[in-house]
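For chain A, the structure is supplied; the task is to place chain B on it using the hints.
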Amino acid sequence: MSDSARFIGEEEKIDISSIAPIRNYSSRFLTFLSILCVVVLLASLSWVLWDVAKEGVNKLNWYNLTQIRYPAPGLEDGGFGHAIVGSLMVLSTAAVISFPFGILAAVYLSEFGRGTRLAYLVKFSCNVLTGVPAILCGLFAYAVVVRGSGFSAFSGGIATGVLMLPIVIRSTEEALLLVSPDMRLASVGLGSTRFQTTMRIVLPTAAPAIVTGLIVALARAAGEAAPLLFTSFNNNFWSTDLFGPVATLPVMTYFFAIIPFRPQQQLAWAGALVLLAMVLVASTISRFVVHKTKK
Amino acid sequence: MNPNSVSGAMQTQSPKPTSYVFQIENLSVYYGSNPAVKNVSLKVPARQITAFIGPSGCGKSTVLRCFNRTNDLIPGARVEGKLTYHGKDLYAADVDPVSVRRHIGMVFQKPNPFPKSIYDNVAYGPRVLGMKVDLDEVVETSLKRAALWDEVKDKLKESGQSLSGGQQQRLCIARALAVQPDVILMDEPCSALDPISTRRIEELMKELEQDYTIIIVTHNMQQASRVSDMTAFFSVELVGSNRVGELVEFDKTEVIFNNPSKEATRDYVEGRFG
Chain A
21 MSDSARFIGE EEKIDISSIA PIRNYSSRFL TFLSILCVVV LLASLSWVLW
71 DVAKEGVNKL NWYNLTQIRY PAPGLEDGGF GHAIVGSLMV LSTAAVISFP
121 FGILAAVYLS EFGRGTRLAY LVKFSCNVLT GVPAILCGLF AYAVVVRGSG
171 FSAFSGGIAT GVLMLPIVIR STEEALLLVS PDMRLASVGL GSTRFQTTMR
221 IVLPTAAPAI VTGLIVALAR AAGEAAPLLF TSFNNNFWST DLFGPVATLP
271 VMTYFFAIIP FRPQQQLAWA GALVLLAMVL VASTISRFVV HKTKK
Chain B
4 MNPNSVSGAM QTQSPKPTSY VFQIENLSVY YGSNPAVKNV SLKVPARQIT
54 AFIGPSGCGK STVLRCFNRT NDLIPGARVE GKLTYHGKDL YAADVDPVSV
104 RRHIGMVFQK PNPFPKSIYD NVAYGPRVLG MKVDLDEVVE TSLKRAALWD
154 EVKDKLKESG QSLSGGQQQR LCIARALAVQ PDVILMDEPC SALDPISTRR
204 IEELMKELEQ DYTIIIVTHN MQQASRVSDM TAFFSVELVG SNRVGELVEF
254 DKTEVIFNNP SKEATRDYVE GRFG
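Sequences listed follow chains A and B, in order.
Whatever position you read off the first sequence (first residue = 1), add 20 for the working numbering.
Whatever position you read off the second sequence (first residue = 1), add 3 for the working numbering.
Source of the hints: derived by calculation from the structure; they are not laboratory data.
Beta carbons: idealized from backbone N, C-alpha and C, even for Gly.
A hint or two may mislead.
List of simulated lysine-lysine pairs, BS3-like, C-alpha gap at most 27 Å [claimed, not checked]: (1) 312(A) x 160(B); (2) 255(B) x 41(B); (3) 119(B) x 312(A).
Negatives, chain B to chain A, calculated, CB over 10 Å [what the hints assert, rightly or not]: (4) 143; (5) 197; (6) 206; (7) 242; (8) 243.
Bound conformation, chain A alone (with noise of 0.2 Å):
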């Protein structure tokens, strides 16, 4: 108030050409600061794509692709196909299991039990599971299932259920607080329960989040090989078995980049470059099916 009274009563000279110069320069320095972070961000980035897409582009053909069998140490004749299925077998098993359990775990964390002990206690769980290291994940998968029945693609599907698990109930919970509490009201002002508000209003709302959330968590699963070294192991050839030993595209990968010959490397870049790809193809489908139902 008394400000503009000073300046509308008064014939003050207002200087409007520049401001304090420690300001600009400050301001100027700032923003080509953050500039530069996400430059070197893109950067490494992009050569990261770029080294997988070079190395991984020469044996990414369609019969690498559709061989069923891995081929023998410095052999050139099969290739990954049977890998591929077992990486959507294990992360199948892995979304039936840390989705369900992920999603209501977060509509508790977010509707129901906000503020109680017990939704404390999954809070402070789930951040201690965030921080386990995959390969304890894959340890306890061993421990449990392994032990008792051998290695399995549902058991490295477990392995790396679990480990999705904190990302799913975070990313799901976050995408539900976000949800106005007007609209809740709004809701159960028009006399509907809570359960039907969290069914009709809540989760339809939150829907585009969540499944950003889920693809991410999905994403963030697929390219481990840590959980599947001692849990879905490896397979040199064909298997749908969902409680055999299947080969992975990570351990795939990880195996055959360790090994002495040239032609299992360049199938362990292509491994890797297809396991790209899946994660880029499935987000992309993801979102556009998000977008579609939006309108």
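Structure of chain B alone, referenced to chain A:
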């Protein structure tokens, strides 16, 4: 509905017979251990518009939320005192808040249509309640009552969120009307709207008054004086370090604005305070 006629206590000049939908006695609301509003007593007449005015933090919205028990949803909120709805204690143990809310609709400060089509927004209430009605008809009547039908009748399948702010707010009113409520609570329904949309909503309120009891919380005193029949003036008092809301005066709107009995009310409505 069984409107309980209460005679004598407060005569209005309204030609309509006065019965009271809500009666509050010594109502206090606490958030945790701090009282948000204390010792409110008032009677809300049927088929009239009652306005709650007062400065921010005076508890008018808090009291409004007691009427449909949405305070129940806020962790730590506690209601003391007596609140009857058509003579029945609203906070009695055997009262199901979900069925209370079905009779007492609410419109919020910010228009908040669901991210669904216009049709589905209006049909939402009847659907969740499992009402055996012709949905098309309910949607049409509700939208007509909310003075929105002509603008949206050709695009019922479009998202409710694609409408303008004023249209969205009328959609929210139509949504509330679709479940055939008895009372409509409005929490600053026009504060996010431009003056033209505001006027439309006010006209609409005057029409709805014929069939519904309306309680409106507003910061806009002109609005209260334009639309309401009864006005309650709330103020806020500093008790220790807590701000506690209280009801200062409740009377017919023309009395509150022209000849209030309390000095604080006069200061507020004449703009000398707040």
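Here is what the structure says about each hint:
no., hint, verdict
1, 312(A) x 160(B), "holds, 15 Å"
2, 255(B) x 41(B), "holds, 22 Å"
3, 119(B) x 312(A), "holds, 14 Å"
4, 143, "holds, 18 Å"
5, 197, "holds, 20 Å"
6, 206, "holds, 23 Å"
7, 242, "holds, 26 Å"
8, 243, "holds, 26 Å"
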